[in-house]
Structures are given as structure tokens and as C-alpha cells.
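Trainee: Listed below, chain by chain, are the residues.
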Amino acid sequence: MIDVKNLSKSFGKHLVLDDISEHIYPGEKVVIIGPSGSGKSTFLRCLNLLETPTAGSITFDGTEITDPRADIDKIRRQMGMVFQHFNLFPNMTIRRNITLAPVRTKLMTQAEADETATQLLRRVGLEDKENAYPAQLSGGQKQRIAIVRALAMKPKVMLFDEPTSALEPEMVGEVLEVMKELAEEGMTMVVVTHEMGFAREVGTRVLFMADGKIAEQNTPDKLFGDPQCERLQSFLAKVL
Amino acid sequence: MNPTALYESFSALEEQTALQEAYIRFYKAWFYEDRWLTYFNGLGTTIKVTVLALLLGVALGLVVATIRTAHDQQRPGRHNFFLGIVNFICKIYVTVIRGTPMMVQLMIMGFVIFKTSRNFTMVGALALGINSGAYVAEIIRGGLMSLDIGQSEAGRSLGLNYLDTMRFIVIPQAFKAILPSLGNEFIVLLKDTSLISVIGGKEIVYYAQAIITKTYEAMYPLYITALMYLIMVLIFSWLQGKLERRLRQSDRR
Numbered sequence: 001m002i003d004v005k006n007l008s009k010s011f012g013k014h015l016v017l018d019d020i021s022e023h024i025y026p027g028e029k030v031v032i033i034g035p036s037g038s039g040k041s042t043f044l045r046c047l048n049l050l051e052t053p054t055a056g057s058i059t060f061d062g063t064e065i066t067d068p069r070a071d072i073d074k075i076r077r078q079m080g081m082v083f084q085h086f087n088l089f090p091n092m093t094i095r096r097n098i099t100l101a102p103v104r105t106k107l108m109t110q111a112e113a114d115e116t117a118t119q120l121l122r123r124v125g126l127e128d129k130e131n132a133y134p135a136q137l138s139g140g141q142k143q144r145i146a147i148v149r150a151l152a153m154k155p156k157v158m159l160f161d162e163p164t165s166a167l168e169p170e171m172v173g174e175v176l177e178v179m180k181e182l183a184e185e186g187m188t189m190v191v192v193t194h195e196m197g198f199a200r201e202v203g204t205r206v207l208f209m210a211d212g213k214i215a216e217q218n219t220p221d222k223l224f225g226d227p228q229c230e231r232l233q234s235f236l237a238k239v240l
Numbered sequence: 001m002n003p004t005a006l007y008e009s010f011s012a013l014e015e016q017t018a019l020q021e022a023y024i025r026f027y028k029a030w031f032y033e034d035r036w037l038t039y040f041n042g043l044g045t046t047i048k049v050t051v052l053a054l055l056l057g058v059a060l061g062l063v064v065a066t067i068r069t070a071h072d073q074q075r076p077g078r079h080n081f082f083l084g085i086v087n088f089i090c091k092i093y094v095t096v097i098r099g100t101p102m103m104v105q106l107m108i109m110g111f112v113i114f115k116t117s118r119n120f121t122m123v124g125a126l127a128l129g130i131n132s133g134a135y136v137a138e139i140i141r142g143g144l145m146s147l148d149i150g151q152s153e154a155g156r157s158l159g160l161n162y163l164d165t166m167r168f169i170v171i172p173q174a175f176k177a178i179l180p181s182l183g184n185e186f187i188v189l190l191k192d193t194s195l196i197s198v199i200g201g202k203e204i205v206y207y208a209q210a211i212i213t214k215t216y217e218a219m220y221p222l223y224i225t226a227l228m229y230l231i232m233v234l235i236f237s238w239l240q241g242k243l244e245r246r247l248r249q250s251d252r253r
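Protein chains in written order, with the working numbering: chain A, 1 to 240; chain B, 1 to 253.
These are computed hints drawn from the structure, not numbers from a lab.
A hint or two may mislead.
Heads up, incomplete: computed chain B residues facing chain A, CB under 10 Å, no partners named [said to hold, decoys possible]:
#1 Ala154
#2 Leu160
#3 Asp164
#4 Phe168
#5 Gln173
#6 Gln249
The C-beta atom is built at its ideal place from N, Cα and C for all residues, glycine as well.
Chain B extracted, bound-state conformation (with noise of 0.2 Å):
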């Protein structure tokens, strides 16, 4: 018997059990009209504006941390003036976007800045690139501060130029040493893009929220939604366990 069909002999009942009551209403949240699809719809953007905002975090954060290290470890009373002027304005960035609330930024970027904007992804991803962009560029910014100075030292002294140095043997090891932070980072942010629907992006939760609003029925829309943020997670969550097991070969005693 297929789903539709159960419905309906279901609902032609005049008393239903509460299992064949649980039955329809996951029906109408899942079934009903294809509405499975709009949820899957809905997982597209997600994907999309968690993507583009990784991206962007990723890219941003790599430069403010790049500056910000390289700012810090001048030689004292060798300093230059451009990068310092650089450095402050990394410095306010950083504390601005982690001194507000993500749905604030978010608000800011799709009623004020963009207000004119209809497309509301660009937006949301451009707000969470920009809000990820100031946490990653702080977990890179220690990783690099945290690898003993006599990594560079070693690389420096066999004659090996900066970009060599931080190519072969500080950014590797930096990068092993910030993988589980980062991934944190990455989980929260994909989480974040759930946000997005406030300014009318579409993402899971503004069809779930549209399918609850048709239906009056809350309990299942939002336990879907749930279970695919969550799949999506374990996902990550495996893939990240996989590279970090591969990143300890060097551990091996």
C-alpha cells in the first residue's frame, strides 16, 4: 500500500488511534503535495550559502590572520607604519563581528545595507562569510602562534625563505594543530545559515516554517529539519575524523 493511499483510508476513519493520527500528520509534513521536495529545495541553498561562506570565511580569515601575525612578529623597533594601519583595521573587524550577535549582522546586511537586494542567499552567505571570516582568522592566528619559534628558526637558518618556511613546515603543522577548531567552526556556521531565513533567504527552515504555516502543525516540519541539519553534521563530523586520522601519521611512535 502506498503512502497516499494509507492516508486516506486513514483519514476516512471516523476514530483514529494515535499512531494512524501521528501517521497523517507526518503525511501532510512530508507527502502532501510533494512537500518532500521543498525541503530537499530548501537543503540546496543551505549547501550553497554554507559553501560560498566557508569560502569566504576561509579566505578572509586567512588574510587578517596573515596580517595580524605577521604584524605581531616584526622585530621590535622595526615596525611599518602600512602594516600597522592594516593590522588596526583587522583588529576592529575582528572585534566588531565577535562583539555582536550573528543575527543582527545578518539583519543589518539584508534591511540596511542590501535592503534594496531580492537576492536574499548572496546576502545571507555574504553575512556568514563575513561573520566566520573574524572566527576563523583567530583559530588560524593561533595556530601559527602556537608552533614552537624554533620550527621557523630551523627552516630559516638551512636558508629557506619566509614563503618556503611557512609553506613547507609552519602552515602544516599549524593546519593539524587547528583542524579540530576549525571544524567546530565549520559545524557552527553550517548550523548558522539556518538564520538566513529572517531576511527571506530559502534555505530548510523557510520552507519548513511555510509548510507549518499551511498545515498548523509545527511538531514535524521542525523534527525534519532537525534530523537533516543533523545528518548533515555527522557527515561533516566523519570526514573531518578521516583527514585528522590521516594528518597523525606523523604522530606514529
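Only chain A is shown next, with the shape it has when bound in the complex (with noise of 0.2 Å):
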């Protein structure tokens, strides 16, 4: 589903992905960990061009996005992106947030926009909020709106960049939650997190990062169970 090449990036001199070459099969949950600043969150953004890779190739569904040509605004519809600070839009309600989108890009019409938007929200029990406004959520809430905004465009991926690092930790379950609901119901995902629970139930692909590269990737048993290379090994030791 998504084909990565050899990809390169790099910030001025500091490389932060060294060639890295992966294959993202449908249905499949990939869950990427490592220590802070080997790369993940990085990896993550380049697959829907939110960093412009310095060299190599990213093919989703047959089509190359990192050629110039491509449409990216089209590919980034079919890719639902969930980030860290949420990122709702503040100045406009619940509902707004989560059917502009769809709607601008004419995917639906308002009324079936809104239809779905009340569906999703119904979903993670929060079909109250469509009239409030970002502001008047906690995290958590916030955190399963921004998901539901990523859903309501119908995306044939999803891509979590550390969904639960901003929360607070008793909001951090209902958003896992909510994540493995989406999980059983085979969507294909991408997350990028510090949860190791969260990693090794839902995972079907465990990657571990460092320095740039993928040092090492399993199944989360054999990754978990028993890890081959030094640096995940000291890695999984200070956060187990």
C-alpha cells in the first residue's frame, strides 16, 4: 500500500532518515517506537509529504507521491493524520471541524457531511460536543475529535504521530481505546508512539528506530520477547 525507497532526510546537515526502504501491506498496523530523535515522528511526516523527502521515493496505491507532479493535495485525502496537539481548528465548532473537509473538497455534500460527522461522534460518545467548540474539551475529547476529523475523509491509511503524548494520563486509555476499535475494524495504521502496551496488543509490526534507520522490526512478540540488537535492547530496559 505504501512503498518506501531508500529514503533520505535531512535537515541542513543533520541527517535524521538514512535510507530507509519499508512496504506498508493493507490491513496491517505498524507501530513505530524508539528513543526521542532517532527519526520516527520524521518518517512518519514524509509519508504524506508534511517533509519533503531529501532523496528517495514514496509510492501509495500505484502512485508516486514524491514526484512533483503528483497531486498531493488528492493522496493526503486518502491519508487521515492524527498529531500530537490534536490540532482542531479553534475557531470553529466541533461539527465544523470534522466536515469542512469532506465538504470543501467535495467528497460530500453539507448534509452528508454532517450525517456522518453525527455517526463518528456517536462512535466515541461524543455526539453532545458537535456544538462546542474546541476549547471547551479536555485532551482526551480533543485527541477523539481529531481522530474522527481524520475518519470523516474516508482515508485508506491513518497515521498517528504520538497520539497520546500531549494527554494527561488518565485520557490516555480513551483514546487507545478508540485507536483499537479502528484497529479491529482493519483499518491500515501507522503509529508512531511510547506506548508499549498499546504496541504490542494492537501491533502486527513492531519497528524499532534509531539513528535514523529501522535498527530492527518483529512481530511485537519476537520484538518484545526477545530483542536482537543492543540498541533496542537498552531501549526497551529504560522503558519497560
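Make one complex out of these two single chains by using the hints.
Mentor: Pasting the structure below:
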């Protein structure tokens, strides 16, 4: 589904991603872990071109998105993204946060988008918030809305960039719960996270990144149960 | 008793009390030969110049701010040569306008560039608009740059194009953030219209000076002028406050 070939990214002289090749298959739940500064977020942000790769190519569903002629807006519509800091639009109601993109990109009429929003909000238990503004919600609620907002575009894949890192501990659970449900429904997911429990439970494959490379990858059982490389062993010793 | 009769009766007295004398001076500055009409004549010009300069200033400011922001937000290594040139011109414009006094700019426009023009009002509005544009550009640029980059990233990652992201997400939030500084700039602009009297623009100060020359009496015409500006600024501030309250709606908790 997403094919990454020889991807490199540097900020100035600093090499953040070093020649990464990877493939993400439909239905997979790929969890990316690793120490901070290892390039996890940058890798994820390259997948929908929020960061422009310095070298290499990324192909999504047969379209090379790194090609300058590719219609990046059209591709991004099929890739949902959830941010660490939610990035809800504070000047709009929750309903408008959710319906703006589907309506503006002519994916749905306003009526269809409203219907979709109501359904999705009911699913995450926030149907009573549709006329509230983001400032009136808790962090966990905001992040659930952010997930709903991305889902309203009916994406083929969902990218999560540390979705629980900015949350207070008691709110992490409610967000992970929504993500788990999503995984059970068969959504293809790429998740950068520090939640090892989530990685173990939901991930079908875990990538460990260090120094801009994928240092090790395996199924969660094997990666956590029998880590091979030394970097991973010391990382797991610190976080578990 | 009407004002004129009162004035005549006071003038006829051989010795006037301080209050009666003050009334006579005020009468000459306001009622005499319907002078109050000339103030309102000037007020009309002031409002006209302010509105024209405001429109020009906002238009110029928007264009310059957009160019400068677009230039600064280019991806590293992907600089557009044409944008570089336009950006450089914008920078010179802002530097020159902010680096020289308003009065000097006005005199250059009136006595050098448009020295043959008799339409002092339009020349004044043009000079003020060009001046205001530089300040408005910096205010707008500040607003656009102060917004969290995550906002436009969220918009773009949903598949919205650059223009829609600016229109629905970035600009409304930036506008709310810059409204106080923008209001301040408009008040400065409104008061700076008084400067166009130096190039012959017939606004309030111009007529006040004409009355001073006739009556050899400066106090009342100047107080009246000051009061007219104050009232205009108060009305404007009130409108601005209303708008700000409306825009704060989404901050409710």
C-alpha cells in the first residue's frame, strides 16, 4: 500500500532519516517505537509529505507521491493524520472541524458530511459536543475528535504521530480505546507511540528506529520478547 | 434666547465677565457666519481620506504580507527566483516607509511627485495609504507567522489545498490575533489625516487654521478640532470592541 524506497531526509547538515526502505501492506498495524530524535515522527510525516524527503521515493497505491507532478492534496485525502497536539481548529465548532474538509474537497455534500459527523461522534461517545468549540473540551476528547475528523475523509490509511504523548495520564486510555476499535475494523494504521502496551496488543508489526534507521523489526511478541540488537535491548530496559 | 442674540447682548456690554468673554470667543469660533459648517466640511474630507487610505493600506498590506510570508515559508532549497525579487522590493518599501517621517513623505508626495496636481485630498489619501500599507503589512505578517504551524499542517493533511487552508483556518485565526494592533494602526491613520493640511488638503485642521487666522483666536478652534477627533476615535474603538467580543465567541470554556 505504501512503498518507501531509499528514503533519506536531512535538516541542513543533520541527517534524520538514513536510506530507509519499507513497505506497509493493507490492513497492517505498524507501530514505530524508538528513542526521541531517532526520526520516527519525521518518517511518519514523510509518508504524507508534511516533510519533503531529501532523497528516495514513496509510492502510495501505485502513485509516486514524491513526484513533483503528483497531486498531493488528492493523495492526502486518502491518508488520515492525527497529531500529538490534536491541531483542532479553535475557530470552528466540532461539527465544522469534522465537515470542513469533506465538503470543501467535494467528497460529500454538507448534509452527507453532517450525517457522517453525527455517526462518527456517536461512535466515540461525543455526539453531545458537536456544537462545542475545541477550547471547551478535555485533551482526551480533543484527540478523539481529531481522529474522527481524519476518519470523516474516509481514508485508506491512518497515520498517528504520538497521539497520546500530550495527554494527561488518565486520558490516554480513552484515546487508545478508539484506536483499538479502529484497528479491529481493519483500518491500515501506522502509529508512532511510546505506549508499549498498545504496540504489543494492537501492532501486527513493530519497527524500532534508532539514528535514522530501522534498527530492528518484528512481530510484537518477538520484538519485545527476544530483542536482538543492543540498542533495542537498552531502549526496552529503559521504557518497560 | 438664541446664540446670536446672546452674543450681541454680551458684545454690547462695556465690561464683560470672564464667562461672557469666553462665550464670545466660542461664538466666533463656532456660530459666527455659520463657521461650524466648515468644521463639518473638513470632517467630511477627513473621513473620506481615512477610508480611502484605509482601503489602500489594507490592500497594500495584504499583498506585501502575503508575498513576504510566502517567501519566508518556502521549503529549504526550493527558492523561487521571481518571488525573491518581489520580496526584495517589498522589503525596500517597508524599510523606506517605516524609516522616514510621515510628514516628510506627505511633503514629498505633495510638493515633488505630484507638484502639479491640485487634488490635494487624493494626493494626501495616496500618501497616507502607502504609509499605512507598510505598517499593516508587518502587522499581518506577524499574525500569520504567530499561528501554530500545526494548524496549517492539519488543514493540508486533510487534503485541503493551500488557498482553502489559508481562507478557513489560517486567516480567520490570524485576523482575530491582529485585530487590536490593526485597530491601533487605523486610529493612528485617522489622526494622521490631520497632516494633509500641510499640502493643502482641506480637512478639519485646515479649516480650524483658517478660522484662527480670521479671529486671532486659537483656543476654541483647536479644542473643537481635538474633540472631533476624539469622538471619532471613541466611536471606532467601540466598534472594534464589539467585533473583538464577537470573534472571542470560540474562546468560551
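Trainee: Against each hint, give a clear statement of whether it holds in the structure.
Mentor: Now the hints, each set against the structure:
1. For alanine 154(B), the interface hint holds, since its Cβ comes within 10 Å of a Cβ in chain A; the closest pair sits about 4 Å apart.
2. The beta carbon of leucine 160(B) comes within 6 Å of a beta carbon in chain A, closer than 10 Å, and the hint placing it at the interface holds.
3. Hint status for aspartate 164(B): holds, given a least beta-carbon distance of 5 Å to chain A, under 10 Å.
4. A cut of 10 Å between beta carbons decides the hint on phenylalanine 168(B): the least distance to chain A is about 6 Å, and the hint holds.
5. Here the hint on glutamine 173(B) is kept, as its CB sits about 5 Å from the closest CB of chain A, short of 10 Å.
6. Hint status for glutamine 249(B): holds, given a least beta-carbon distance of 8 Å to chain A, under 10 Å.
The structure fails none of the hints (numbered hints given earlier).
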